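*Asks:* Residues per chain, in single letters:
There are 4 protein chains.
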Amino acid sequence: MSLDSIRERWWKIVFESDTPAGKAFDVLLLVAIVLSVLTVFLESIVRLEIKYGAYFHTLEWIFTALFTIEYLLRLWLARKPLRYATSFFGIVDLLAVLPTYISLILPGTHYLLTIRVLRVIRVFRVFKLVDHLKESRIILEALRASRMKITVFLTAVLLLVVFIGSLLYVVEAGSNSGFDSIPRSMYWAIVTLTTVGYGDISPATPLGQFLAAVVMVLGYAIIAVPTGIVSVAMSQATHQATTTRVCTHCMAEDHRDSAEFCYHCGTRLPDRGN
Amino acid sequence: MSLDSIRERWWKIVFESDTPAGKAFDVLLLVAIVLSVLTVFLESIVRLEIKYGAYFHTLEWIFTALFTIEYLLRLWLARKPLRYATSFFGIVDLLAVLPTYISLILPGTHYLLTIRVLRVIRVFRVFKLVDHLKESRIILEALRASRMKITVFLTAVLLLVVFIGSLLYVVEAGSNSGFDSIPRSMYWAIVTLTTVGYGDISPATPLGQFLAAVVMVLGYAIIAVPTGIVSVAMSQATHQATTTRVCTHCMAEDHRDSAEFCYHCGTRLPDRGN
Amino acid sequence: MSLDSIRERWWKIVFESDTPAGKAFDVLLLVAIVLSVLTVFLESIVRLEIKYGAYFHTLEWIFTALFTIEYLLRLWLARKPLRYATSFFGIVDLLAVLPTYISLILPGTHYLLTIRVLRVIRVFRVFKLVDHLKESRIILEALRASRMKITVFLTAVLLLVVFIGSLLYVVEAGSNSGFDSIPRSMYWAIVTLTTVGYGDISPATPLGQFLAAVVMVLGYAIIAVPTGIVSVAMSQATHQATTTRVCTHCMAEDHRDSAEFCYHCGTRLPDRGN
Amino acid sequence: MSLDSIRERWWKIVFESDTPAGKAFDVLLLVAIVLSVLTVFLESIVRLEIKYGAYFHTLEWIFTALFTIEYLLRLWLARKPLRYATSFFGIVDLLAVLPTYISLILPGTHYLLTIRVLRVIRVFRVFKLVDHLKESRIILEALRASRMKITVFLTAVLLLVVFIGSLLYVVEAGSNSGFDSIPRSMYWAIVTLTTVGYGDISPATPLGQFLAAVVMVLGYAIIAVPTGIVSVAMSQATHQATTTRVCTHCMAEDHRDSAEFCYHCGTRLPDRGN
Numbered sequence: 407m408s409l410d411s412i413r414e415r416w417w418k419i420v421f422e423s424d425t426p427a428g429k430a431f432d433v434l435l436l437v438a439i440v441l442s443v444l445t446v447f448l449e450s451i452v453r454l455e456i457k458y459g460a461y462f463h464t465l466e467w468i469f470t471a472l473f474t475i476e477y478l479l480r481l482w483l484a485r486k487p488l489r490y491a492t493s494f495f496g497i498v499d500l501l502a503v504l505p506t507y508i509s510l511i512l513p514g515t516h517y518l519l520t521i522r523v524l525r526v527i528r529v530f531r532v533f534k535l536v537d538h539l540k541e542s543r544i545i546l547e548a549l550r551a552s553r554m555k556i557t558v559f560l561t562a563v564l565l566l567v568v569f570i571g572s573l574l575y576v577v578e579a580g581s582n583s584g585f586d587s588i589p590r591s592m593y594w595a596i597v598t599l600t601t602v603g604y605g606d607i608s609p610a611t612p613l614g615q616f617l618a619a620v621v622m623v624l625g626y627a628i629i630a631v632p633t634g635i636v637s638v639a640m641s642q643a644t645h646q647a648t649t650t651r652v653c654t655h656c657m658a659e660d661h662r663d664s665a666e667f668c669y670h671c672g673t674r675l676p677d678r679g680n
Numbered sequence: 407m408s409l410d411s412i413r414e415r416w417w418k419i420v421f422e423s424d425t426p427a428g429k430a431f432d433v434l435l436l437v438a439i440v441l442s443v444l445t446v447f448l449e450s451i452v453r454l455e456i457k458y459g460a461y462f463h464t465l466e467w468i469f470t471a472l473f474t475i476e477y478l479l480r481l482w483l484a485r486k487p488l489r490y491a492t493s494f495f496g497i498v499d500l501l502a503v504l505p506t507y508i509s510l511i512l513p514g515t516h517y518l519l520t521i522r523v524l525r526v527i528r529v530f531r532v533f534k535l536v537d538h539l540k541e542s543r544i545i546l547e548a549l550r551a552s553r554m555k556i557t558v559f560l561t562a563v564l565l566l567v568v569f570i571g572s573l574l575y576v577v578e579a580g581s582n583s584g585f586d587s588i589p590r591s592m593y594w595a596i597v598t599l600t601t602v603g604y605g606d607i608s609p610a611t612p613l614g615q616f617l618a619a620v621v622m623v624l625g626y627a628i629i630a631v632p633t634g635i636v637s638v639a640m641s642q643a644t645h646q647a648t649t650t651r652v653c654t655h656c657m658a659e660d661h662r663d664s665a666e667f668c669y670h671c672g673t674r675l676p677d678r679g680n
Numbered sequence: 407m408s409l410d411s412i413r414e415r416w417w418k419i420v421f422e423s424d425t426p427a428g429k430a431f432d433v434l435l436l437v438a439i440v441l442s443v444l445t446v447f448l449e450s451i452v453r454l455e456i457k458y459g460a461y462f463h464t465l466e467w468i469f470t471a472l473f474t475i476e477y478l479l480r481l482w483l484a485r486k487p488l489r490y491a492t493s494f495f496g497i498v499d500l501l502a503v504l505p506t507y508i509s510l511i512l513p514g515t516h517y518l519l520t521i522r523v524l525r526v527i528r529v530f531r532v533f534k535l536v537d538h539l540k541e542s543r544i545i546l547e548a549l550r551a552s553r554m555k556i557t558v559f560l561t562a563v564l565l566l567v568v569f570i571g572s573l574l575y576v577v578e579a580g581s582n583s584g585f586d587s588i589p590r591s592m593y594w595a596i597v598t599l600t601t602v603g604y605g606d607i608s609p610a611t612p613l614g615q616f617l618a619a620v621v622m623v624l625g626y627a628i629i630a631v632p633t634g635i636v637s638v639a640m641s642q643a644t645h646q647a648t649t650t651r652v653c654t655h656c657m658a659e660d661h662r663d664s665a666e667f668c669y670h671c672g673t674r675l676p677d678r679g680n
Numbered sequence: 407m408s409l410d411s412i413r414e415r416w417w418k419i420v421f422e423s424d425t426p427a428g429k430a431f432d433v434l435l436l437v438a439i440v441l442s443v444l445t446v447f448l449e450s451i452v453r454l455e456i457k458y459g460a461y462f463h464t465l466e467w468i469f470t471a472l473f474t475i476e477y478l479l480r481l482w483l484a485r486k487p488l489r490y491a492t493s494f495f496g497i498v499d500l501l502a503v504l505p506t507y508i509s510l511i512l513p514g515t516h517y518l519l520t521i522r523v524l525r526v527i528r529v530f531r532v533f534k535l536v537d538h539l540k541e542s543r544i545i546l547e548a549l550r551a552s553r554m555k556i557t558v559f560l561t562a563v564l565l566l567v568v569f570i571g572s573l574l575y576v577v578e579a580g581s582n583s584g585f586d587s588i589p590r591s592m593y594w595a596i597v598t599l600t601t602v603g604y605g606d607i608s609p610a611t612p613l614g615q616f617l618a619a620v621v622m623v624l625g626y627a628i629i630a631v632p633t634g635i636v637s638v639a640m641s642q643a644t645h646q647a648t649t650t651r652v653c654t655h656c657m658a659e660d661h662r663d664s665a666e667f668c669y670h671c672g673t674r675l676p677d678r679g680n
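Residue numbers (the working numbering), protein chains in the order written: chain A, 407 to 680; chain B, 407 to 680; chain C, 407 to 680; chain D, 407 to 680.
Hints may be right or wrong, so weigh each one.
[Claimed, not checked] Okay, derived cross-link-like pairs now, SDA-like style, lysine to any residue, Cα gap no bigger than 25 Å in a straight line:
id	chain 1	residue 1	chain 2	residue 2
1	B	K457	C	R590
2	D	K457	A	G584
3	B	K457	C	G580
4	A	K429	B	M554
5	D	K429	D	L524
6	D	K418	D	F494
7	D	K418	D	V433
8	B	K429	C	L448
9	D	K457	B	S581
10	C	K457	D	A579
11	D	K457	A	S581
12	B	K429	C	R485
13	D	K457	A	A579
14	C	K429	D	M554
15	B	K457	C	N582
Worth flagging that the hints you see were computed from the coordinates, not collected in a lab. Source: prediction; values computed, not measured.
Whenever a hint applies, use it, and build me the whole structure from the sequences.
*Replies:* As structure tokens, then:
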């Protein structure tokens, strides 16, 4: 068996997922990614880090070793290694292992290690299958179609936030209720307009509370806008995804997928194309 | 009157609800379920438990006795007692009485008793009637049709939460504002993205507040996605809401309200009754 | 001028609003209602009550006198005084003046006086005009059409709240975070599911926070259901309210109100009926 | 080169944006506006004001000088200077520079300076281009079409707020939970109905919490109404989105994308360009 046919076989396993071996590789990779991200999660809990820190570090090195082997394998298999190394996923694959090695040289860079969370992006590598699903296509299509409208809407919201923020800053000045700068007031305006409402900052003066009430009702009303935009786009994307058979006799539309005869005039419907 | 005809009559009363006696049984059962659940609610309030604990325990045993009789009745009436005992509702019926008996043997298992709240599921037994209503059919149909899209959407939200959580954990580190581990940060991210906004954790640094504002606007925008998905599905489910007419020629069912010819064999459909 | 014609003229002024005098009466009544409700609002602010209490009481008696005169006038004008007195608005009109008189006899009934706020209902009397507006008709039509679906949805939400409330009560028991009874836990479940999120009660244990996150995402997803229901109903109600002219030649629909020719084949459209 | 042709050339630069110079002017103006607003933001942060106050004041005077030159330029270029000075943007342009000059005469008017934030409105001057975008036309069209319905809806919400506010004021009286006047209770009602939920005021009595839960579920359900209104209007506005084709015979505009014949005179429309 030649080296080339071995490369060819491994290529099918590592980069594709049509063969059983390729599917198994993808599933194993998915499990490893999820477990390594969970390890980062648990490591960030101080109480657990103190108790089980040693285990976490061992696990971390095991995952790093696995991902390093995988990275070198991909580099070797790729027809154009440089293009792979500089591609989006090539960089993500490198970022998945680099932080652990850097921590050997610079021991203090604790927060740099959270870059390891970026490994989650690698999940998308496995989800390339999902990408082809009709469902995600329709959602993405709807979002793409409403891209411009959402941008216009968010710009209008931003300008509104600047006004409301400045207004409340002036109104609540001196009441010691947290509106101590315009940026903070704008933060409050966003918290309120989006109906999140933490309560870490809330108006204390009657006028401030009145204006806040107006802002809330406004936020309540304008949430209808993005919803309307996406609903319409979703409706169109869904409609374009359904069959569009028309009765040859009476021109009735909206036939079911399973229909063989027109529900309006009873004429036999044309065969489906696919 | 033979035992068989008595069983037949009781079967009609206990398992069906077409006869007046069957309806009366269902209504009584509903009342008993609701009252027994309310008793559990009141019992959980310490102040009331101290005062009226004895009454609650008496009531509890009365309901347990009633439900035990009902359970034995169902076991006796069921054509295949074992199949009933292992069915979903069979287990729920058993869980409705078991905790009270266990409390005799293991007196300390206070929290085990909250399993009694599961009795609420038994309400669905009575609602089997409602199940046939056109309204709940349309809602369920819409949810079923958008199942896949909602899953894709929630997966995307989950990945977003992982990123935002990790990011805020790094940004807010050392500011003592509650972001002390990645899982807690992710909890905060969900609280914010869904616009719940408790305020038990909220960013204290300017950069953290800026990122929080971005997350809120994001959450405000993406709530449009599930709404759009369900609206479209609801629209289609409503549009395709079907009558109970059956084709006289090929027995095909599920014709639309507006259909005049059978979609399966092209025969003219009978006129609508109303 | 006979008494009957005076009654007739006053009837037109007080009960109808087609004449200029009738309109003026309605506007004056609206102003009086709004001002009297505002007085109740201001009276409830302790600081203002102490300072301007005397003025408020004077105003209160002026409004009571006005509404009493109006009530007697209506009693006198009504063709069937008893039917008016026992009608919905008759009772509301009486409730608008009674509390002030009762306060003479029972001086301590401070909170009884807030019944005066019910005067706001009287605003609807003036809004009977608005009632005929196409807009409110469409909204009410949509709500009426989705009545059953909303009920089914709210029942499902209620059962969900019972489960979540009981679950969190067990999980958060002993963590002193406010989940000290099932009803309080259910209150928290509603606060969270509806994305209100006060933060007066919020889970403290990791498991509790995890479950809370699940509840939030659930609430985020199911808000799409009522929105979808009402959107569809609103769409149908709006569609039924628009003109339904059809081109006599090519059967194209959806012509604009102002269109005179078919946009599809150029044939002159039929005249509008109204 | 005559003064008139210089004025003509500058007119094209300052008031229009079709020439490269005009575009460059618009971009520079946009940058200056954004930077001057950011300066106001930073100035409002006490900590930064203390440190870098001098820099901020220098920047402020530079921006004021630039905007003054621009204002005088516009006054000189405008064919009718008085009409420009009294137009909406004329006043906004003046308000953008006036506060800084007034601060020389009245040094204490700190809050007057926040009027400078109004400069943000000037951004719209540059966005006059955006105004022609199909996307913002559709959104505005949808909002205009649902204007009346939203008003009816908000009126109903307002009346609901009055009732709920008064009710909770009575129920929570004496529980020291913040419901100390009807206006404050109404503020709470809005905070809750809109699902903002600060938590600065939240009911403490069981009855109050029960009523609050009802209000939340209500708010959860009625948010569907504006969403439904705008979705339907957005759907219609999108459907009726018009091309810029003009009928060659009667000059009628606003034909639909799908139209083949003029809706006004029935003449065949020219083919679409793309």
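*Asks:* If a hint holds in the structure, say so; if it doesn't, say that too.
*Replies:* Checked hints:
no. : hint            : in the structure
1   : B/K457 x C/R590 : holds, 19 Å
2   : D/K457 x A/G584 : holds, 21 Å
3   : B/K457 x C/G580 : holds, 21 Å
4   : A/K429 x B/M554 : holds, 21 Å
5   : D/K429 x D/L524 : holds, 23 Å
6   : D/K418 x D/F494 : holds, 20 Å
7   : D/K418 x D/V433 : holds, 15 Å
8   : B/K429 x C/L448 : violated, 54 Å
9   : D/K457 x B/S581 : holds, 22 Å
10  : C/K457 x D/A579 : holds, 21 Å
11  : D/K457 x A/S581 : holds, 24 Å
12  : B/K429 x C/R485 : violated, 47 Å
13  : D/K457 x A/A579 : holds, 21 Å
14  : C/K429 x D/M554 : holds, 21 Å
15  : B/K457 x C/N582 : holds, 22 Å
Violated hints, in rising order: 8 and 12; the structure is consistent with all others.
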